[in-house]
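Listed below, chain by chain, are the residues.
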Amino acid sequence: MISLPYRVATVEEVRNLTRDIKMYTLSINETFNSDPGQYVMVWVPGVGEIPISLSLVDGETFCLVIARKGKVTSYIHENIKEGDKLYLRGPYGNGFKLQGGKALIVGGGYGVAPLLFLARELARRYVRSDVVLGFRSKEHAILISEFEEYADRLVVSTDDGSLGVRGTAVDVARQLVDRNIYATLYTCGKEQMMYKLVELALNRGIKTQASLERLIKCGIGICGSCVLEPLGLRVCRDGPVFDGETLLKTVDFGRFWHDSTGKPIPIEEVK
Amino acid sequence: MISLPYRVATVEEVRNLTRDIKMYTLSINETFNSDPGQYVMVWVPGVGEIPISLSLVDGETFCLVIARKGKVTSYIHENIKEGDKLYLRGPYGNGFKLQGGKALIVGGGYGVAPLLFLARELARRYVRSDVVLGFRSKEHAILISEFEEYADRLVVSTDDGSLGVRGTAVDVARQLVDRNIYATLYTCGKEQMMYKLVELALNRGIKTQASLERLIKCGIGICGSCVLEPLGLRVCRDGPVFDGETLLKTVDFGRFWHDSTGKPIPIEEVK
Amino acid sequence: MSSEPSLSVDLGVLKLRNPIIIASGVLGVSIGLMKRAEEAGAAAITSKTTTLEPRKGHENPVVYELEYGLLNSMGLPNPGAEEMGKILEEAKRIINVPIIASFGASTPEEALKIAEHLKHADALELNASCPHVKGLGADLMSDPKAIHDIISEVKASGYKIFLKLSAHGDYLYIARKAYDAGVDGFTAINTLKAMAIDINAKKPVLGGKVGGLSGKAIHPIAVRIVYELRREFPDVPIIGTGGVETWQDAVELLLAGAKAIGIGTVLKKGFHAIGQLLDGIKEYLAMNGYRDINEITGLAHK
Amino acid sequence: MSSEPSLSVDLGVLKLRNPIIIASGVLGVSIGLMKRAEEAGAAAITSKTTTLEPRKGHENPVVYELEYGLLNSMGLPNPGAEEMGKILEEAKRIINVPIIASFGASTPEEALKIAEHLKHADALELNASCPHVKGLGADLMSDPKAIHDIISEVKASGYKIFLKLSAHGDYLYIARKAYDAGVDGFTAINTLKAMAIDINAKKPVLGGKVGGLSGKAIHPIAVRIVYELRREFPDVPIIGTGGVETWQDAVELLLAGAKAIGIGTVLKKGFHAIGQLLDGIKEYLAMNGYRDINEITGLAHK
Ligand SMILES: Cc1cc2nc3c(=O)[nH]c(=O)nc-3n(C[C@H](O)[C@H](O)[C@H](O)COP(=O)(O)OP(=O)(O)OC[C@H]3O[C@@H](n4cnc5c(N)ncnc54)[C@H](O)[C@@H]3O)c2cc1C
Ligand SMILES: Cc1cc2nc3c(=O)[nH]c(=O)nc-3n(C[C@H](O)[C@H](O)[C@H](O)COP(=O)(O)OP(=O)(O)OC[C@H]3O[C@@H](n4cnc5c(N)ncnc54)[C@H](O)[C@@H]3O)c2cc1C
Ligand SMILES: Cc1cc2nc3c(=O)[nH]c(=O)nc-3n(C[C@H](O)[C@H](O)[C@H](O)COP(=O)(O)O)c2cc1C
Ligand SMILES: Cc1cc2nc3c(=O)[nH]c(=O)nc-3n(C[C@H](O)[C@H](O)[C@H](O)COP(=O)(O)O)c2cc1C
Ligand code: FES
Ligand code: FES
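Same order as they appear, the protein sequences are chains G, D, F and L.
Per full-length UniProt numbering, residue 1 is the first one in the first sequence, and the count goes up by one each step.
Per full-length UniProt numbering, residue 1 is the first one in the second sequence, and the count goes up by one each step.
Per full-length UniProt numbering, residue 1 is the first one in the third sequence, and the count goes up by one each step.
Per full-length UniProt numbering, residue 1 is the first one in the fourth sequence, and the count goes up by one each step.
Because the hints were derived from the structure by calculation, they are not lab data.
Please read these numbers as outputs of a predicted model, since none were measured by experiment.
Cβ coordinates follow ideal geometry from the N, Cα and C atoms, glycine included.
Keep in mind that the hints are not guaranteed to be accurate.
What follows is a list of derived Cβ distance ranges for each label pair [what the hints assert, rightly or not]:
hint, chain 1, residue 1, chain 2, residue 2, range
1, F, Asp-292, G, Ser-27, 51 to 61 Å
2, L, Glu-67, F, Glu-90, 39 to 49 Å
3, G, Ser-27, F, Glu-232, 51 to 61 Å
4, F, His-301, D, Gly-59, 36 to 46 Å
5, D, Ser-27, F, Tyr-290, 19 to 29 Å
6, D, Asn-33, F, Arg-291, 36 to 46 Å
7, G, Asn-33, F, Glu-39, 27 to 37 Å
From the structure, some residues in chain L lie toward chain F, with a derived Cβ separation under 8 Å [to be verified]:
hint, residue
8, Lys-56
9, Leu-71
10, Ile-199
11, Lys-202
12, Lys-216
13, Val-223
14, Val-251
15, Leu-255
Please work from the sequences and hints to get the whole structure.
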């Protein structure tokens with residue numbers, strides 16, 4: 001085939017962010033055009049293929065933050081070293097739409113990764129942003145110093161208080177939105193968290209954009225695997241970033257996920 | 001298919017040039033780029049497809065001169081009227097290469113048709129040309145007044161002397177080349193005639209270009225049906241116009257034709 | 001006089017507002033996507049092939065894009081007939097165009113069980129390229145007798161049934177068997193078995209190794225098979241499917257003998273592709289002086 | 001150290017200077033075109049399929065160009081085995097690379113008669129998609145027994161013989177039969193049956209109505225079949241053929257298990273395509289650290 005959809009990326013650096021999260025800096029032989037919030041399908045030949053958000057892109061170099069979850073992510077953690085190759089298709093999907101007016105960025109867990117890319121792009125456009133990063137504990141915290149560069153104000157929270165304020169990112173966000181200074185809230189993380197944030201922000205007239213995960217198979221909108229019902233929104237193609245108003249019109253947001261047979265299952269059962 | 005290789009041409013005018021030769025003026029919905037000497041494959045759906053040289057092209061209008069020979073040409077003569085459609089692919093092949101210096105154009109029978117297009121293009125480039133047109137008799141003569149417009153000197157010959165000088169086009173050309181004023185001889189017509197002209201001209205240091213016919217099946221150089229051996233020159237694609245030196249290196253020029261099974265047969269047996 | 005040509009199509013057991021049917025598989029099992037397709041103009045929707053038991057399908061990668069088509073090895077993921085039955089029951093409340101429920105089965109008994117679950121659909125479609133258990137991994141295309149028996153028993157129980165053929169195997173022989181069994185129509189064609197190897201990774205790309213080729217590449221093969229079916233079974237409605245990306249492709253299949261057109265891969269471009277196909281077909285009919293799309297069905301045989 | 005990777009290929013009964021073989025049909029019966037192909041770099045040439053009696057082939061149009069391939073209904077025009085024998089005898093004086101003589105036959109007797117005429121060729125290739133007289137117009141792909149018998153008798157008479165498979169019919173079963181009969185190699189694949197209808201003329205384009213689809217469109221199908229053949233018959237050399245237009249396509253077939261590569265449709269671009277393929281393959285080998293093309297044969301199975 002002339003069209004080789006897989007681009008070959010070389011691992012330049014592997015950083016352990018936590019015990020279960022690594023950051024891979026990759027280089028590729030061509031400029032990589034993408035928006036924050038977009039993702040790539042990462043193929044490990046003979047192992048599998050998974051969607052991973054772009055966490056920073058700079059010309060021919062970009063970063064992926066990968067949390068160990070199951071088969072493919074574990075394989076990558078254990079076997080992919082500097083100098084190895086990863087195979088990519090994409091970038092796919094619709095990322096964050098950068099809005100004017102002060103931004104509130106709220107991330108949880110490895111969900112902060114694409115938000116770093118977002119924070120940088122906002123900063124480059126002179127849009128100011130406050131950032132809230134929530135983690136389970138100090139050991140799970142990632143990318144804090146990286147965010148400092150782009151955030152007007154950076155608040156870290158942990159469930160156990162081992163770093164920053166004790167509590168959830170939602171708790172922190174609730175206090176911040178009361179200050180009435182934000183035009184848009186951008187979020188990525190656990191869907192239950194994002195659900196609360198979207199409700200919270202919309203109640204206060206703040207626009208919201210949230211980046212979702214679903215089971216991605218094709219990545220190109222042709223298999224229906226990643227759908228949000230009953231609107232038939234495809235996370236892989238119409239998303240992964242959606243505006244909060246739209247998400248609240250779905251039944252699935254914050255509640256259901258479709259398993260690999262297509263059957264809906266409660267979202268708590270997923271991870 | 002997006003690619004519709006057949007362009008639909010509408011018959012604007014049908015002119016009887018002789019009892020067995022008609023000229024079709026066609027129009028098409030797009031500009032028709034082509035060189036003199038190129039041909040089109042004319043498809044009559046349900047009947048067949050044949051190669052026909054372009055005899056004049058003017059933007060979206062062009063002419064085909066079609067002699068009644070067998071199945072498809074007879075069908076066209078009998079059934080295709082003004083307003084009807086013909087289906088075309090092409091233009092195909094390499095046409096005449098227009099050279100500077102005075103030209104001698106020698107045509108025989110319906111072979112004069114592509115030469116009319118050539119004569120016009122030469123004239124448009126201020127290349128002067130003398131034209132010799134040979135026919136069997138007055139009843140077989142075609143396009144004489146059309147050539148007058150472009151020829152410095154026009155000599156018509158007929159085998160029986162019923163029009164112009166008595167004799168063959170070769171006889172006339174022999175006298176003309178002796179005047180030593182021609183840089184190039186262009187010819188189209190019976191191959192035995194062209195063979196004599198090529199020998200004649202090359203002996204006198206005049207460059208030659210001749211347009212050949214062979215059995216055209218694919219028209220795109222992929223089936224080997226139209227080949228000149230032993231050089232493996234494909235009339236449909238490497239030709240139909242070749243320079244005389246090259247032709248004399250073949251065994252087939254002026255002698256053999258390959259029938260539809262691929263078998264060589266003496267050229268006299270063909271028509 | 002200047003009224004628009006009629007696009008409505010009589011598929012025998014189904015009447016459609018126009019010829020465009022969504023092919024099985026490309027909307028997964030999503031009612032929301034069915035609705036989007038309906039709103040975009042589709043006249044009927046074929047649901048994802050259902051098997052009796054749920055199937056997870058193959059591991060990723062499940063698709064590979066080519067310049068001129070798509071390879072997929074989805075592996076027939078579906079939630080099983082019972083769950084699918086619920087989805088279709090719900091879908092019938094929301095979707096106003098006919099739903100054709102695709103299914104796969106190896107025996108009449110299995111087929112009847114599935115059919116009972118899918119009873120809310122407007123018609124059934126037997127996917128003869130579904131993995132065939134008895135045949136040890138081969139597909140049903142290699143078992144004409146099973147196809148015959150499934151169709152005749154499903155018909156006997158009062159269901160309407162189409163047979164979806166692939167280009168593999170002796171599809172004309174199978175079509176004859178299906179005809180004898182009283183089939184209500186043919187859908188042709190399914191994907192062709194194919195494969196892609198990444199030359200850098202030096203490995204087959206698809207999780208299922210072999211996948212199904214769809215899109216432009218298979219269009220001329222679909223045209224042939226539709227033409228052959230129409231020649232032999234002029235009275236059986238055909239849903240011509242395979243590589244329809246432009247209205248010209250659709251018209252080609254109609255001329256070959258299709259009554260309606262199935263589309264899959266083209267939806268990669270988005271749902272607006274449906275409107276573009278319909279506009280093009282309508283304009284073609286008008287330009288060529290036809291007042292009704294049915295006038296051109298099978299015209300290439302004349 | 002910095003020496004160029006070796007491209008020479010051991011096809012079992014034939015040794016080739018590189019993997020590129022001209023597929024049957026695209027040069028007609030022309031020695032001149034064979035010579036041009038040799039000069040452009042081809043390592044072997046398959047001659048046009050010969051039948052015992054001459055055949056004129058189908059009426060024009062015989063080809064239809066698609067964006068991603070070619071449809072042809074040449075209809076196997078050939079001057080018959082006797083005349084072809086003379087052409088090949090002459091060709092062997094002029095062509096310095098091996099010539100594989102393609103032929104079509106329905107019975108061992110017919111095959112032996114043809115083989116005797118074609119004895120000057122370096123090997124034979126049985127075209128299993130050749131019209132099959134006994135089968136009333138079907139092709140030999142539907143008659144595994146005939147294929148077995150032809151191969152074993154031709155082998156018994158001392159000829160070297162390849163079998164050219166198409167994607168139609170049960171090609172793996174046929175390959176098994178051919179293997180049992182002692183076949184020297186497989187060529188895969190031939191064109192796929194397909195059709196084009198002109199929507200303005202509203203008629204099938206090709207004189208033979210149905211034609212054979214070649215070029216890009218069939219490449220993923222060829223990859224699959226070569227892969228399957230290699231898996232089942234790792235010791236039988238395969239000439240992978242189908243849709244090779246770029247060196248990447250060639251490498252894909254080599255990785256799938258082809259020892260050599262047949263090319264047809266790409267010659268539409270001109271004979272220089274051969275050199276481009278060879279350059280690309282050589283560069284791929286060098287970039288990936290291989291010193292010999294044989295190292296990558298079938299690598300996708302690892
Ligand atoms: C748009 C998008 C962006 C993502 N970005 C990132 C990121 O930047 N960093 C990161 O670490 N993770 C990201 N993920 C999640 C990541 O894709 C999954 O963690 C990964 O697919 C799990 O693969 P596995 O083989 O390791 O796990 P498996 O063994 O397959 O399963 C483990 C769990 O992961 C879930 N999962 C499996 N496959 C997928 C899939 N294809 N899509 C989504 N979830 C799946 C399953 O529900 C299962 O519960 C993203 C997911 C999506 C949809
Ligand atoms: C490049 C080229 C340009 C031509 N230009 C013209 C032209 O401008 N005007 C014109 O009248 N004729 C032209 N011809 C000749 C014309 O193509 C044939 O007369 C025509 O194909 C005969 O078709 P038929 O069905 O009427 O005859 P048939 O019934 O097929 O056969 C009659 C005779 O014509 C010859 N012939 C048949 N098919 C072909 C073919 N495909 N190619 C060449 N010869 C064939 C046969 O050898 C046979 O002896 C040209 C031919 C070529 C190759
Ligand atoms: C992603 C995908 C999934 C498919 N799933 C099914 C399926 O479940 N059942 C089925 O009968 N056909 C399935 N098909 C085949 C299509 O219904 C259709 O027959 C084929 O793709 C040819 O049409 P197209 O070229 O318009 O895509 C699938 C095709 C694609 C691309
Ligand atoms: C014009 C043309 C003529 C062909 N004739 C033959 C033939 O006589 N015998 C044969 O075995 N294959 C024939 N083929 C098939 C090719 O040999 C080859 O198998 C097929 O075209 C696939 O390769 P490609 O995609 O590189 O063209 C022909 C193909 C074309 C395009
Ligand atoms: S993953 Fe296939 S439609 Fe989204
Ligand atoms: S007509 Fe086919 S090669 Fe010239």
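Here is what the structure says about each hint:
1. F:Asp-292 - G:Ser-27: 51 to 61 Å: holds (60 Å)
2. L:Glu-67 - F:Glu-90: 39 to 49 Å: Between L:Glu-67 and F:Glu-90, where Cβ atoms are some 42 Å apart, the hint holds.
3. G:Ser-27 - F:Glu-232: 51 to 61 Å: This hint holds: roughly 58 Å between Cβ atoms.
4. F:His-301 - D:Gly-59: 36 to 46 Å: holds (38 Å)
5. D:Ser-27 - F:Tyr-290: 19 to 29 Å: holds (24 Å)
6. D:Asn-33 - F:Arg-291: 36 to 46 Å: holds (38 Å)
7. G:Asn-33 - F:Glu-39: 27 to 37 Å: holds (32 Å)
8. Lys-56: Hint violated; L:Lys-56 Cβ to chain F Cβ min 23 Å, cut 8 Å.
9. Leu-71: holds (6 Å)
10. Ile-199: Holds - the Cβ of L:Ile-199 comes within 8 Å of chain F, reaching about 5 Å at its closest.
11. Lys-202: With a minimum Cβ separation of about 5 Å from chain F (threshold 8 Å), the hint on L:Lys-202 holds.
12. Lys-216: holds (6 Å)
13. Val-223: OK, holds: L:Val-223 within 8 Å of chain F, min 5 Å.
14. Val-251: L:Val-251 check passes; min Cβ-Cβ to chain F is 5 Å, inside 8 Å.
15. Leu-255: Constraint on L:Leu-255 satisfied, holds at 5 Å.
In summary, the one numbered hint that this structure violates is 8.
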